[in-house]
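Now for the letters of each chain:
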Amino acid sequence: MRELAAFEAAASCAPRTCAIRDLGRAGYREAWDYQLQLVSARKRGAVCDQLVFVEHPPTITLGRNASSANVLADAARLLSMGVDLQETDRGGDVTYHGPGQVVAYPILDLKAWRRDVGAYLRALEEVVMATLRDFGVASRRVEGLTGVWVGDAKIAALGVHLSRWVTSHGLALNVNTDLGHFGLIVPCGLTKPVTSLQEVLGRAVGMDSVVAAMGRRFGEVFDRRMVAAPAGA
Amino acid sequence: MGTVVMPQMGESIVEGTITKWLKETGDPVERDEALFEISTDKVDSEVPAPESGVLEAVFFPEGETVEINTAVAFIGDGSKVGQHEPPAAAAAASGPAPAAPPPTKAIAPAPAAPGRRIRSSPLVRRMAKEKGIDLSLLGKGSGAGGRITKKDILAYIESQERVAAGPVTAFPPAPESRFGDFEIQPLTGMRLSIAEHMVRTKRVSPHVSTVHEVDCTRIARLRSAAKEQFLQQNGTKLTFMPFFLQAAASALKAYPAVNASLDGKDLVVHRDINIGMAVALDWGLIVPVIRDADEKNLLGLQRSVNDLAQRARSKALQPDEISEGTFSVSNYGSYNSLLATPAINQPQVAILGIGAVKKRPVVINDAIAIRSISYLTLSFDHRAIDGATADLFLEHMRGVLEDWSSPAL
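Heads up: the sequence lines are chains C and D, in that order. Take 1 as the starting number for the first sequence in my numbering and just add one per residue. Take 1001 as the starting number for the second sequence in my numbering and just add one per residue.
Derived by calculation from the structure, the hints in this document are not laboratory data. Since the model is a prediction, treat every value here as computed from it, not as a measurement. Hints may contain errors.
[To be verified] Which chain C residues face chain D? A few, computed with CB under 10 Å, are given here:
id : residue
1  : L62
2  : R64
3  : D84
4  : T88
5  : D89
6  : R90
7  : G92
8  : R115
9  : D116
10 : A119
11 : T167
12 : R225
Every residue, glycine too, gets a C-beta built ideally from N, C-alpha and C.
Please put together the full structure from these sequences, using the hints given.
Written out as structure tokens, the structure reads:
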């Protein structure tokens, strides 16, 4: 597990600054613990806003509103497929994380942005849509449904937890994801197709280039100066 | 010491679902300690205790959806544990479902406008899913901002057998409109009721409009000739309006199907001719009614028009003066409009629009003449009336106006 001392020491961030931390591949639990530490540090004012990127191994997560009926495969089958099942404290229903998916966990103090969860979700959607535009892909919102869609297929899912207006969890954008694994669940309780950037473009896309684009777009949408996290953190 | 309320989590967020109580009744709590968790759409939030003390009462169980600013718990000194009455709002929200909404007068089931954002809570959506209910059929909810609440869906379930379809909201949210520099002006009560009426009329009645050109030269001359004397005798100017009203009353007598209302599958053909007259106000629009318009002469009609318009603008109309209309007239010509397609005043089946009277070159017997012309529109409910009736109605009016014979004085 990564140590937080380093970034706490180096954390004298200017206001409206957001540190990007790319964890690379990390387990869901591990990344969650990491988020919790960042949230706690953010609440204390020990760190500035954070944007954590991670790629999870195959994991099905159940949000607070999740209906287990939306997990179609039984636990034994999931285990045999190497798919982890985790209950979380984010909003939303069931979703799937796995290799080829860019997961972004912003740890933001919304008191310093806007105290508005609706506006926050719309802004996260805007970050995804702007990122997709960078790859020449037009995407959209669907009225009444949180998330980002290309045509009628969902390409990014959102789920957020708030504690004293500090955010955790966030969004998952399918880049080169094995979409077959979504067949194990009813994503977000919606019987709509899912898609990926790879499927839309007809070619694989470098994960790093998506992470870089999303970091930039995040800074624009949230009006934050994006800085790389201190080395070793 | 005091109540703990459901916090406001954002401008568009009007309620939250309590997903978890982190403390039990009787537990001591510290100020800022997480007290309960709520869920709104895709966001879960912890709500901290606003003060230190003892959690003396919890008014809503987990899973309950509560409007913002509703008291959900009480923190005291520990002396009154379990002795607090839930607030009135809490009792109402958790009490039995209210009576079903009145059925709409639409005959056809009315699907929601496509793309309308349905505001509801996870609990409501779960209930809808379990019961296989399309939330768009519930229309506007009773919660803040039109949100569909638990009691709305319970009422809907109860009324489903009786009501074919629920009302559609006139107010779908459009959060994408909030960009750049702007100010929010909440709609006034009058605007809200106009908006609801307009959405209803356009939804319920398939509107069709027909336009006829009427030569008003004769009544224009008559009016010019009588103008001065009319003013002296009666203390009021003579306008075109009474001529049009009298012609309309005559046409309504000739075509009673136009002087009617639709109530379900019944056409209610009125024997009274009560003509509503749209009056523009600085703050909206109102349609006072000239009762028994067919029994009035030009002077009587002119006085009614003046009186109702003046009292509409001074907010002095009585409730019975804006009800029981059997037909309506919109005189947008007074605002220099040539031609418009007015919306029907429900549950009536037609409305007359009067365009401005203007001098125009027209062809009469292969010669070009200067005549005073007005375009009359009849917008009609095609469920009740067909185009031929509408055209006959306007032709009748045209005949009366072009061959006006009675004196103006």
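Going through the hints against the structure:
1. L62: violated (12 Å)
2. R64: holds (5 Å)
3. D84: Result: violated, 21 Å to nearest chain D Cβ.
4. T88: holds (9 Å)
5. D89: At 6 Å from the nearest chain D Cβ, D89 of chain C passes the 10 Å test, so the hint holds.
6. R90: holds (6 Å)
7. G92: holds (5 Å)
8. R115: This interface hint holds because 7 Å falls under the 10 Å limit.
9. D116: D116 of chain C check passes; min Cβ-Cβ to chain D is 3 Å, inside 10 Å.
10. A119: holds (6 Å)
11. T167: holds (9 Å)
12. R225: Status violated, d = 23 Å.
The structure does not agree with the numbered hints 1, 3 and 12 stated previously, though it agrees with the rest.
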